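Taken in sequence, the protein lines are chains A and B. Residue numbers for the first sequence follow our numbering, so the first one is 1 and each next one is one higher. Residue numbers for the second sequence follow our numbering, so the first one is 1 and each next one is one higher.
There could be a bad hint or two in this list.
Quick list of in silico lysine-lysine cross-link-like pairs, DSBU-like style, CA-CA up to 30 Å [unchecked claim]:
no., chain 1, residue 1, chain 2, residue 2
1, A, Lys200, B, Lys87
2, B, Lys87, A, Lys193
3, B, Lys60, A, Lys353
4, A, Lys193, A, Lys353
5, A, Lys193, B, Lys60
Stretch by stretch, here's where chain B covers chain A in the computed footprint (C-beta under 8 Å, at least three residues) [to be verified]:
no., stretch
6, 126 to 135
7, 191 to 200
8, 259 to 273
9, 345 to 354
10, 360 to 371
11, 374 to 385
Hints were generated in silico from the structure; no laboratory data involved. Computed from a predicted model, the values in this text were never measured in an experiment. Glycine is no exception: its CB is placed at the ideal position from the N, C-alpha and C atoms.
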Amino acid sequence: MSTTTTTDGERAQPILFRGIDEEGLHTLEGYRRRGGYEALAHVLGAMSPQEVVAELLASNLRGRGGAGFQIGKKVSFMPAGQMDKYLICNADESEPGTFKDRELMQKSPHMLLEGMIIAAYAAGANRAFIYIRGEYQAQADILDAALVEAQAEGLVGERILDSDFDLTLVVHRGAGAYICGEETGLLDSLEGKRGNPRLKPPFPANQGLYQGPTLINNVETLATVPHVIRMGGAEYAKVGTETSTGTKLVSVSGNVQRPGNYEVELGTPSREIIYGLAGGPPEGRTVKLWFPGGSSAPVLTGDDLDIPYDFDALAKAGSMLGSGAIIVVDDSVAVVDVALKLAKFYKHESCGKCTPCREGTRWTVSMLERVDNGLATPMDLDIMASVQEQIIGNCLCVLGDAMAMPIGSMVAKFRDEFEAHIEAARTRNPFGDEQPSPDPVLVQGAAA
Amino acid sequence: MKRKKAGTRAADQAGTNGRGKKARGTAFDGHEGVSPIPPVPRFGHGSRVPGWDDAADLRKDPAVVPDAATTPVPADLRAEIEAHMAKYPDHRSASIPALAAAQRHHGWCSPEAIEQVACVMHLTPGYLFSVATFYDMLETHPVGRHSIFVCTNISCSLCGADDLLAAVLEAADGDPDLNIRSFECLGACDIAPMASVDGVYVGPVALDEVGTLVAQIKAGEPPLPAKQLGHRAVAEPLAAIPKGPTTYGGQMPEEAPGPPAPVEQQSPIPLQDEGQGEEGAT
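From just these sequences and the hints, can you work out the full model?
Following this line, the structure appears as structure tokens:
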């Protein structure tokens with residue numbers, strides 16, 4: 001259980017995490033006891049889809065999955081008219097360091113379902129999917145059970161709560177691929193293909209799943225929708241800062257004493273999240289660098305801890321809020337190790353569709369390995385930085401950028417350490433332990 | 001030099017799970033009726049020449065949708081796949097759940113399993129194989145019955161995941177029944193270092209618990225019951241949270257753990273005052 005604090009020192013009430021650890025909240029009865037599905041009843045009984053969209057616009061609720069796009073605007077982009085429209089909840093939470101959606105789905109699955117039904121009503125969608133990553137087996141089981149309960153009570157299905165609104169909802173389990181968290185990769189994967197991203201435009205709001213207009217939102221965003229309706233858009237917008245409204249679930253992990261999910265008001269100083277809530281790094285250590293929004297966000301250093309934690313302040317500081325995952329790295333860790341770990345992850349997860357990302361991630365790993373085993377020169381750092389520049393913006397999706405931005409920022413901000421690392425590794429190991437073959441010769445079955 | 005490289009690469013594969021890159025050249029070896037296919041040609045430094053892990057037998061025609069008359073499909077598997085297909089407007093959407101079902105049935109996405117899914121879904125085996133090779137959780141090579149996925153991504157590795165993986169590999173001692181591999185962020189960094197044991201998240205796993213963990217898995221018992229994710233509250237209780245205004249420091253209770261260095265701030269950072277928030281930050 002976590003809280004937020006406001007400027008006058010009073011604690012703001014948590015919105016999403018209010019009583020989250022309550023026994024039985026994951027059941028329909030437990031959720032109803034807390035006023036669950038009242039927002040849905042109000043929406044279906046007294047509001048038109050346009051009024052719901054207006055509330056969402058008034059709340060200025062921004063997407064919590066990474067891009068921070070306003071959900072109200074996204075919904076309003078959906079074309080009007082009679083056609084098959086789709087709503088997808090992106091529960092493929094695979095950004096390293098992020099585990100907030102897991103917590104929400106596990107402990108309050110009905111909050112997500114209610115938000116999805118309201119969002120589908122606003123968008124005019126009659127089919128909804130939850131694309132949950134395959135690794136979250138327990139959470140998918142909980143969602144399935146919640147869905148069965150909701151269907152039995154007439155909350156999902158035909159003529160929901162005696163209105164004219166129909167919705168079928170499917171919990172779709174993925175099978176382990178980071179790229180399927182990217183919205184167009186997710187679409188392909190949900191269509192039963194390899195999860196390769198698509199060229200945009202057309203954007204999913206025009207041509208998404210099965211070529212139909214599709215609204216895709218993150219778990220946390222959709223779970224916030226009932227609260228926006230309950231509080232009223234204007235009231236919700238009073239929480240947080242002017243351009244980053246509301247509260248945010250922040251997953252704090254890495255070298256901190258109390259890793260976990262915390263709900264904070266957007267605009268809370270980052271220092272308070274890292275030191276106050278998560279306890280800061282272990283005794284005697286200091287924050288060397290931190291990722292403010294998952295491993296794809298450019299890193300910030302210990303000097304940047306006083307930046308307010310909201311979308312715009314972090315963007316101004318050259319990073320991003322992303323999925324709201326703070327990964328703290330303390331001064332006992334070599335920055336090269338962090339960079340190598342990251343680069344290997346993105347190399348493995350690159351789907352291979354676009355050359356800059358497929359080759360760029362591979363070469364970045366190779367160069368970082370050279371740095372690590374003493375074969376590199378400081379010139380390699382420049383080459384590495386140039387590779388990052390050539391990835392950014394040149395691919396269909398941002399997976400390559402997601403590696404290029406943090407690696408580029410690490411090289412820029414910790415160049416001295418990279419150079420010292422190269423020097424130390426070379427002194428330690430003057431010949432290198434793995435010289436590349438000078439002349440690649442084609443041989444049969446060399447690896448066998 | 002080359003021999004050493006091959007060794008390190010094999011170790012890498014045991015650790016970093018290249019998609020379908022484990023046990024190169026062994027695909028389909030366990031399948032009856034397939035002639036041994038020569039190994040893939042490689043450059044001296046090890047990279048693949050044609051771009052595929054396993055050589056395709058170009059003498060054969062591409063496989064078509066299997067004939068239902070000659071492809072027996074277990075009734076329960078067929079029922080499960082058809083139930084998945086019925087959920088979607090386009091039945092192809094069920095390819096991942098169907099392959100997962102076949103994998104549960106057969107242990108891995110064997111050629112036989114893929115044939116059966118292809119038969120029920122009216123798709124070619126090639127299409128399904130392309131899907132199966134894309135996703136980490138679909139196994140295109142035979143694996144042990146119990147999966148132990150150790151998360152070695154950044155948060156977990158900061159908390160010692162690489163040591164954990166090494167300890168698990170050592171404790172397992174090459175047991176073919178255990179499918180141990182490093183896995184990308186499993187979304188449980190709050191219990192780092194952690195592992196997913198047959199889908200059950202456990203953590204933080206201390207190195208001296210690894211022996212118990214592996215023994216429990218081998219005995220078919222629930223892994224480290226006290227450390228399973230389901231038992232964890234969202235975060236630490238309120239007592240840990242500093243009271244008072246947002247500036248960290250000054251007005252904290254004496255006994256609260258503080259940052260190593262005092263925070264020298266003149267005024268609290270305004271949160272909602274327009275414009276000033278950002279100025280105060282920089």
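Hint check:
1. Lys200/A with Lys87/B: 28 Å, holds
2. Lys87/B with Lys193/A: 16 Å, holds
3. Lys60/B with Lys353/A: Within the cut-off at roughly 27 Å; holds.
4. Lys193/A with Lys353/A: Holds: Lys193/A and Lys353/A sit about 13 Å apart, inside 30 Å.
5. Lys193/A with Lys60/B: Roughly 24 Å between the alpha carbons, so the hint for Lys193/A and Lys60/B holds.
6. 126 to 135: Three-residue rule met by the stretch 126 to 135 of chain A, so holds; n is 4.
7. 191 to 200: holds (count 5)
8. 259 to 273: With 10 residues closer than 8 Å to chain B, the stretch 259 to 273 of chain A meets the three-residue bar; holds.
9. 345 to 354: holds (count 4)
10. 360 to 371: Our answer is that it is violated, as 0 residues pass the Cβ test (under 8 Å) against chain B, missing three.
11. 374 to 385: violated (count 0)
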